[in-house]
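Asker: If you read the sequences in order, they're chains R and S.
Number 18 in full-length UniProt numbering belongs to position 18 of the first sequence; there are no gaps in the numbering.
Number 175 in full-length UniProt numbering belongs to position 175 of the second sequence; there are no gaps in the numbering.
Note that these hints are calculated values from the structure, not bench results.
Given the structure is predicted, the values throughout are model-derived calculations rather than measurements.
Please note: incorrect hints may appear among the correct ones.
Same chains, same label: a pair holds when it works inside one copy or across any pair of copies.
To be verified - Here are the simulated SDA-like pairs of lysine to any residue, each with C-alpha atoms no more than 25 Å apart in a straight line: (1) Lys199 x Ile150; (2) Lys199 x Gly153; (3) Lys199 x Asn163; (4) Lys199 x Pro259; (5) Lys107 x Arg152; (6) Lys199 x Phe151; (7) Lys288 x Asn53; (8) Lys199 x Glu295; (9) Lys199 x Leu258.
2 protein chains.
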Amino acid sequence: MASLRSWFSIPRGSHFSLANIPFGIISTASSTSPRVAVAIGDHALDLEAFAANNGFSALSTIQPHQAVFSQPSLNDFAALGRPIHSCVRKYIQRIFAVDTPYPNVLKNNSALQNLVLVPLKDIKAHLPFRIGDYTDFFAGRNHAYNCGVIFRGPTNALQPNYNHLPVGYHGRASSVVPSGTPIRRPNGQILLDPTAETKVPTFSPCRKLDIELELGAFVCGSNPQGEPIPVSKAEENLFGVVLMNDWSARDIQAWEYLPLGPFNAKNFGTTISTWVVLADALEPFKTKGLVNESEVLPYLKEKDEKTVYDINLEVDVKTSSGNITTMSKVNARNLMWSFPQMLAHHTITGCPLNPGDLLGSGTISGETSAEYGSFLEQSHNGKESISLNGGEQRKFLEDGDEITIRGVCGANEEALVGFGECVGRIEPALTLNFD
Amino acid sequence: MASLRSWFSIPRGSHFSLANIPFGIISTASSTSPRVAVAIGDHALDLEAFAANNGFSALSTIQPHQAVFSQPSLNDFAALGRPIHSCVRKYIQRIFAVDTPYPNVLKNNSALQNLVLVPLKDIKAHLPFRIGDYTDFFAGRNHAYNCGVIFRGPTNALQPNYNHLPVGYHGRASSVVPSGTPIRRPNGQILLDPTAETKVPTFSPCRKLDIELELGAFVCGSNPQGEPIPVSKAEENLFGVVLMNDWSARDIQAWEYLPLGPFNAKNFGTTISTWVVLADALEPFKTKGLVNESEVLPYLKEKDEKTVYDINLEVDVKTSSGNITTMSKVNARNLMWSFPQMLAHHTITGCPLNPGDLLGSGTISGETSAEYGSFLEQSHNGKESISLNGGEQRKFLEDGDEITIRGVCGANEEALVGFGECVGRIEPALTLNFD
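Construct the complete structure from the given sequences, taking the supplied hints into account.
Answerer: Shown next, in the form of structure tokens:
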């Protein structure tokens, strides 16, 4: 393997070191068709232009497939399979290595550099996948426990099924948006006094608008309907990971969710980071997740003990007055179910998955308040205020609040594997007139 | 309007009279690319071939859009909007009318008839839409009540939210299949003894495999994220209706559904009929639904009292020994929420809908056992046996059972507006090996 030092200027501390090479979909002012790119330092490498200019001349594997780089989503590239993703990533690492075996491709070709390397500040990053189906799990045991305590008390905080299967529900694919898209506060039905004998809802803008700090994994494989994917083959079917904020309307959820689960409380928006970190790039950061005290059924048993990722996650709140507070710092190892287990469980019935399907981890919370990945947990469902910098207080999100999630693996500032940012800002609810 | 009698032979009692003109996607042995067609009597009219041979010469409205008929789904046609669907349907009715104003287009052109009219027995009918998101509601109040009685007893059968909002959940779009596709019995986790103190699930083929008799409505419009569609404009955004069987694994559901709702119990298959009956064709059959005793919020209030459809539905069970029993006959008016209300509620948060999204009504049951649309209700969750013809008994579905749903509007055998059939046969569960 070539060095992970580069001839190209990659700022120290960049999330997009040579150890990473995340994939995304970009467009630019001068070339508005969305297409495939990778991020390197402060630049995007436009793979459509790179391929068109013989950038892949030394990688015969990809040559029959180069049309995938001109697609407006990663679906076709993902469908090529993990071995091809791996090849392309390693090739790009070699092209950029200080001791590249192919110096004439890019290192010594400043004309091509000018053509294919675009500063990140000059690109628009799009949704990386055309998402077929989106499923959200509940694999963050601490979060599940904290919510259970809030809604049912500590004795029955976790449902009896929790340790036996990765609880999940089908989410809304059409409202998944790329980082930076504003999120409008939803209107809906809320029950102002849940203790009243007669339960009559009020129509209102959501008053308990929340975040959920999650990871999302994109599927690259597929299974015929009726045929499960065993947990031992789940990894082959996972493309990579993004940061995710599954915005949640807690008051709408509390009223609507019986008996079929959350619906409108979750379907108005889910934000993901735009650069998908390949499973290969995360491989060195695998670690043990939360211990499951129950014996799981054989279809969920993994051979390796290290099945989740050591990713340092942070959530910043920026209020409209400009104060920024890091409200949560938590490691992504706080999951009790891994993505391979989620995928194996999802397909055990024969449910067909397809490239571009998105699996959410569920909210990731640690054991202390400063590690909770939602306002619901930090404010105990609005019972306590969270102190922000500048003397401001929050129980839930206010209009104008901007949430930024960051995530990064590793400590070596020259070899970070990071996700960039997942950002969304709350816009005021629409005033609706029904006359 | 031209006569609804045709120069073309349409069998008496056909679901596909001139009053109907449902749309679908077909292919044939000699022309394997899926494309748009309508059903007329025992034939499909291939609209790609019809358009290519100047069939639409007298309908200038559609001429700029004729490429939609060569698509492998109805998404692009649907996206043209209700006024265009209406025009095309009426034009086809005129072309086939005994007193057609355009006799030279098809009536007097036997060469074109041979080219574009294909017997239904010679076509393959495909999934009519590329389904973006699938949402399943719970609008059949009798079904909701019956399930509530089974699981919680009669005093709390309906949740407090039931009369205030159309309860729904996000379903799995990837496993929606066209009529005729076999359905494999899913494996999964079930709790054999729910009363045991220690709750440990068993891995097993589903033992309580069930049907759900539903209608499905396809969306043709779209809304920008953040902007609701008012109930008064919901109809403009609804393309048409199909029959639906939302196969359900009741034992998997009972164990998994807390706290986030059904997941694997519903994601292994949902069957729909292949000919989509346009909203226009159903307009004369609008009727009042079940009375809602609560005052609904303004965003759900409809002006018209007739908001659901008078469709006679039937469910047949054919066992592997060949016995056929009509297990249920029920009218589709047994819904308390209309599709426009479901659509308005779905989007009130700003959730974006798109052409090809599918909304399920929820199970349609009447007030008596012979009108129940699921085995769960008819067998009281397996407590009683259902007697079939030939002396067979059922509590839930057995391997080899074939379910056929039929639905038809009207009594005039020469002007029926029917849906054809929605058929699925149960295949045995896979035997899985986890060593």
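Asker: Each of the hints needs a verdict: does it hold here or not?
Answerer: Results for each hint:
no. : hint            : result
1   : Lys199 x Ile150 : both (21 Å within a copy, 23 Å between copies)
2   : Lys199 x Gly153 : both (22 Å within a copy, 20 Å between copies)
3   : Lys199 x Asn163 : between (34 Å within a copy, 11 Å between copies)
4   : Lys199 x Pro259 : both (16 Å within a copy, 21 Å between copies)
5   : Lys107 x Arg152 : neither (61 Å within a copy, 70 Å between copies)
6   : Lys199 x Phe151 : both (18 Å within a copy, 21 Å between copies)
7   : Lys288 x Asn53  : neither (43 Å within a copy, 65 Å between copies)
8   : Lys199 x Glu295 : between (42 Å within a copy, 12 Å between copies)
9   : Lys199 x Leu258 : both (14 Å within a copy, 22 Å between copies)
Against the hints set out earlier in the document, violations occur for numbers 5 and 7.
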